[in-house]
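Visitor: Those protein sequences? They're chains A and B, same order as listed. The opening position of the first sequence corresponds to residue 7 in our numbering, with each subsequent residue numbered one higher. The opening position of the second sequence corresponds to residue 32 in our numbering, with each subsequent residue numbered one higher.
Derived from the structure by calculation, the hints contain no laboratory data. Some clues are possibly wrong.
Once the Cα atoms are required to be at most 30 angstroms apart in a straight line, the calculated BS3-like pairs of lysine-lysine come out as [claimed, not checked]: (1) K191/A with K110/B; (2) K110/B with K8/A; (3) K100/A with K13/A; (4) K100/A with K8/A; (5) K97/A with K8/A; (6) K211/A with K184/A; (7) K110/B with K100/A; (8) K97/A with K13/A; (9) K184/A with K97/A.
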Amino acid sequence: MKYESYKRGVVAGIPIALGYFAVSFTFGMAAVTGGLSIGQAVLISLTNLTSAGQFAGLNIILAGGSYWEIAMTQLIINLRYCLMSFSLSQKLVKEGSPIHRFVVAFGVTDEIFGVSASQEGRVSPYYNYGAMSVAIPGWTIGTLAGAVLGNILPDFVTSALGVAIYGMFLAIIIPPAKTNKAVLKVVIGAMLVSSLFAIVPVLNKVSGGFVIIITTLLVAGLAAYFCPIEEKEEKHAE
Amino acid sequence: MQNNIYIYILVMAVVTYLIRMLPLAIWRKEITSPFVKSFLFYVPYACLAAMTFPAILSATMSVISGAVGFVVALYLAYKERSLLTVALIACAAVFVVERVMVFFG
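Can you build the whole structure from these sequences, using the hints too?
Guide: Next up, the structure:
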């Protein structure tokens with residue numbers, strides 16, 4: 007039974023690992039181009055396993071931001087995992103050692119959560135282990151490949167690959183914005199607010215991590231106040 | 032970089048792990064506040080949108096190629112293409128625009 011669950015997790019994890027490889031390749035490239043060593047880039051991916059958080063964290067490291075800024079930025083950007091872990095805590099099988107929950111937690115990403123949440127009934131932790139056992143190497147090895155090749159690839163290739171992560175973000179946020187007007191307002195509102203921080207004098211002195219924190223708290227807070235979700239939409243988020 | 036890179040990495044890793052671990056392992060109560068639920072629902076959209084724009088405009092060699100990459104990605108995302116397709120075609124669009132721009136010096 008454990009083995010069956012594990013095997014199904016591995017199968018679900020293979021396409022995730024391929025996508026991770028491509029995105030973490032650009033992360034490794036950006037990290038090394040910015041001045042980190044190959045080992046440091048790989049260490050970040052292995053210990054963090056999160057796309058948006060790592061890209062934002064990298065910018066703060068390269069800009070020499072404070073530890074406080076990097077901690078707060080990770081907290082805000084990765085707050086969505088909190089929601090997923092809540093949901094997963096209701097979904098995991100009740101029996102078995104509590105240790106499993108500490109291990110499964112490390113692999114709560116948008117995609118791994120996505121496949122395990124879509125399982126019928128309760129999920130075995132071994133299913134998550136299966137997905138993690140291919141997705142984590144995909145993410146880490148992709149970073150290594152990008153870090154190694156980052157300095158060899160010509161400028162025009164690294165320049166083009168620089169938009170990959172943003173393309174991925176848009177692919178996540180735009181489809182729900184088509185059907186949910188509140189999400190659309192949140193997306194447009196957040197882009198406008200962060201643009202203000204880039205253009206307006208004084209505001210443009212605020213460092214990148216704090217811009218993300220302030221924008222997220224402000225826009226998500228206003229949206230939660232004026233357009234509280236109904237249960238149906240919450241299901242959609244999963 | 033006067034700060035220690037390994038401390039940065041440690042801070043990132045610990046914060047990220049705690050966010051994932053605490054609700055799963057310790058705090059098993061359900062969230063009931065509609066405001067908190069709604070807030071958590073909107074956070075990823077606000078955060079990813081804020082990270083994407085205007086940053087995408089300065090992610091490439093020129094603002095023009097960045098803008099083209101943004102528009103192409105926006106269109107493909109609207110058409111609900113997969114993450115990988117949107118990302119790769121946006122890269123290809125930037126590549127083509129930057130090659131063309133070379134001719135105009």
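Visitor: Would you pick out the hints that fail for this structure and give their numbers low to high?
Guide: As far as the earlier hints go, 2, 6, 7 are violated by this structure, in ascending order.
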